[in-house]
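Colleague: Below are the chains, spelled out letter by letter.
Protein chains: 2
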Amino acid sequence: MRLVVIGGVAAGLSAAARARRSDRSLEITVLEKGPVISYGACGLPFLVDGRVRSAEQLTVYTPEYFRKERNIEVRTNARAIAISHGRREIVVEGGERLRYDRLIIATGARPASAGITLHTLEDGERLKRLILDRNPKRALVIGAGYIGLELADVLRRRGVRVTLMEESGNVLHREDAGLSTTVRAHLERFGVDLIFNARAPEGGSGDVPGFDLAISASGLKPNVEMASEAGVEIGRTGAIRVDERMRTNIDGIYAAGDCAETIHLVSGRPAWIPLGTTANKMGRVAGANAAGGRERFPGVVGTSIVSVGGLGIGICGLSAAEARRNGFQPASARISAMTKPRYLGGRPISVELIADLATTRLLGGTVTGEDGVHAAINVIATALHGLMRLEDFEHLDLAYAPPFAAVWDPVLLAAQQLRKQAG
Amino acid sequence: MRLVVIGGVAAGLSAAARARRSDRSLEITVLEKGPVISYGACGLPFLVDGRVRSAEQLTVYTPEYFRKERNIEVRTNARAIAISHGRREIVVEGGERLRYDRLIIATGARPASAGITLHTLEDGERLKRLILDRNPKRALVIGAGYIGLELADVLRRRGVRVTLMEESGNVLHREDAGLSTTVRAHLERFGVDLIFNARAPEGGSGDVPGFDLAISASGLKPNVEMASEAGVEIGRTGAIRVDERMRTNIDGIYAAGDCAETIHLVSGRPAWIPLGTTANKMGRVAGANAAGGRERFPGVVGTSIVSVGGLGIGICGLSAAEARRNGFQPASARISAMTKPRYLGGRPISVELIADLATTRLLGGTVTGEDGVHAAINVIATALHGLMRLEDFEHLDLAYAPPFAAVWDPVLLAAQQLRKQAG
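Residue numbers (the working numbering), protein chains in the order written: chain A, -12 to 410; chain B, -12 to 410.
Derived from the structure by calculation, the hints contain no laboratory data.
Just so you know, these numbers come straight off a predicted model, no measurement behind them.
Incorrect hints may have been included.
Chain B stretches covered by chain A per the calculated footprint, using a threshold of three residues with CB under 8 Å from any CB of chain A [to be verified]: (1) 33 to 44; (2) 258 to 266; (3) 287 to 298; (4) 321 to 335; (5) 359 to 368; (6) 383 to 390.
No residue lacks a Cβ here, since even glycine has one placed at the ideal position from N, Cα and C.
Make the full structure from the sequences, and use the hints.
Modeller: Written out as structure tokens, the structure reads:
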């Protein structure tokens, strides 16, 4: 019995490792089109800014590790170019054909636009050299998703004057005018101009007049062409459709990671939110099931966090506008509070909660602040998984001691405020 | 219609303020036996160590504030000594009688043993002076609850050699041998000797041979005598029995805060865990309901956090031993991980999760580490409120970006490990 995994980054390697744990006799081969496997793509901005010294620091495992320790064959520079499911064969660039019994597609995503981007380890090294060579004074970053925000942060810290252009009116792909305003104001103080509803320069991030450097971070698209050609169903989001066991419509073929869609547990609808955390989880489930298990991945609640100019920004669930579009009757409230007592260094934090008026179910949250954002957004995310109602959320038994927190946790204050407003 | 509240600290003042918001015409009187109201008792260790400069910094509101801004009469140095429910009267020390229609008992708790303790603002100031005057070289702290641990921390930071004696084998009242061992080893490196199963010196914390200073922090007991004499039912825990609306057995009398018991949402049994956070929440519910509302306080999950010698310790739910005693079939697993990538200053953290084998329901967690403890324990606490099963907990969509977290959050690694072990 042979399992082939296409893709050797987050989802693919999680899947292979998990499959091996389930079945010691399975023959497992991972095909990775690039020269390295298992790198932490989320660390790329820190490679560019020098806090990560070398690409090796971001590479967690080597093919040798997988071969020796896990009995998994990992081939780098091995690009799968076609799936011939009738014959249960993968065609690899160069002509080789590889038989499989079970297949996991973990082909990831790629930048939606051309030019200088930050997606692979090579991109990171290239961008770092470019910055050192050109020593730019003015840079343009296109796209205010988390990569765009992190790039703006990294460049600004090097003294570069940054313009951040975003096609929509949103940051982090979140339809939330309040958040957009907050982030723009903060970035302005930090020396980054954020321009919403901007048309990106033609030709992507090539040479743009007025800027010494232009980088495109305007989103990703899933790598689904090969799967689609093989008859694998693509969902409404444009990513591969899978069920909660990570099965595609074709028996024996699974998909996981940035190439696959999942369910948004708040809206109940298919969603495509490519993130390393989700990719790892989907990969584990796909690997377990491809090896005969019955694991399920329930879905996501759209949690995201980013740090820019010293401000932490955390989001999860739906914004009020998104909730309305999804058929809820949302109410929202925002509070500002201190993360802990002033005498122990408390910092201001702002928490917005969104709930459905009809059911009082919590629908989402947005948190901004210099501290405490991670803890707050994780509590909200966990409550969203638990389908918690506001009156239960308000009474959460959260940890308090002055070195850590305020006696009224900011998320509880926001819940009180929202209940007060919602009457 | 007149509401009388006995007690002007956390629960009492939360109740009075909440009642006022519900009913603008209610006549509200708060009786506080001490000279000040509304102080943050949890800040007392930081008053002793100087990070809080003066008692005023811990006093949030004054009686004048309540009178002017909330139209609530707050009397300090007014000790209620009897409740005559037949006449709907409170007898105040000195002989005055005060009529009520609704009564909220928020009489709090007191140290279980005599001698030098740390419970009131006066205690804090007295202890601070004592330390300055005596300049102790060796101190004894009796009791390894959170006050005892914080006192040990504060004294040690002043260069005092501390012996911490605990009657049981547990820290933080948690039946958890692993945690006890971890904390003792950590304290030893920090210069604090933690002795378990120790008999406290007779006479409490008076002069103890071999020590320049002895402080008792061996727990609290609820102030329920006056309530009990008036016919208010005392629960099995020794605190006042209330329902989820904070009603006692006597119509028109509510109780809230450290004098009242509540439900432990994991065990489903009555529990008495006196903490400021819970007191505030119970107070709000009692106040709303005494003013005609229908709020409910569902209960607690036993969350607690403390910092000692740079180590954060967070607990919630039940330990494995406690779970067994409560009729569950617990399994537990502990993992060590990094809070975030090393290149961004990640620190080690240890997470133990406990779940029920029969239902796979999560039952509790213990977290120790120099960083990230607050965020981790709050996720576990929220999941306990949501009655979450391990396989759902394992897939929580928690926030990740390198400045904040690791791609596999430590709590998720612990869940994976526990599922693996539990088979």
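Colleague: Work down the list of hints and note, for each, if the structure agrees.
Modeller: Verification of the supplied hints:
Remark: the segment 33 to 44 of chain B is confirmed as covered by chain A, as 5 of its residues place a Cβ nearer than 8 Å to a Cβ of that chain, reaching the required three. Remark: the segment 258 to 266 of chain B is confirmed as covered by chain A, as 4 of its residues place a Cβ nearer than 8 Å to a Cβ of that chain, reaching the required three. Given as covered by chain A, the segment 287 to 298 of chain B passes the check, having 8 residues with a CB less than 8 Å from a CB of that chain where 3 are the minimum. Residue count for the segment 321 to 335 of chain B with a Cβ under 8 Å from a Cβ of chain A: 3. That meets the three needed, and the coverage hint holds.
Only residues whose beta carbon comes within less than 8 Å of a beta carbon in chain A count, and the segment 359 to 368 of chain B has 7; three or more means the coverage holds. Restraint check on the segment 383 to 390 of chain B versus chain A: 8 residues with Cβ-Cβ distances below 8 Å, three needed, restraint holds.
The earlier numbered hints are all upheld by this structure, with none contradicted.
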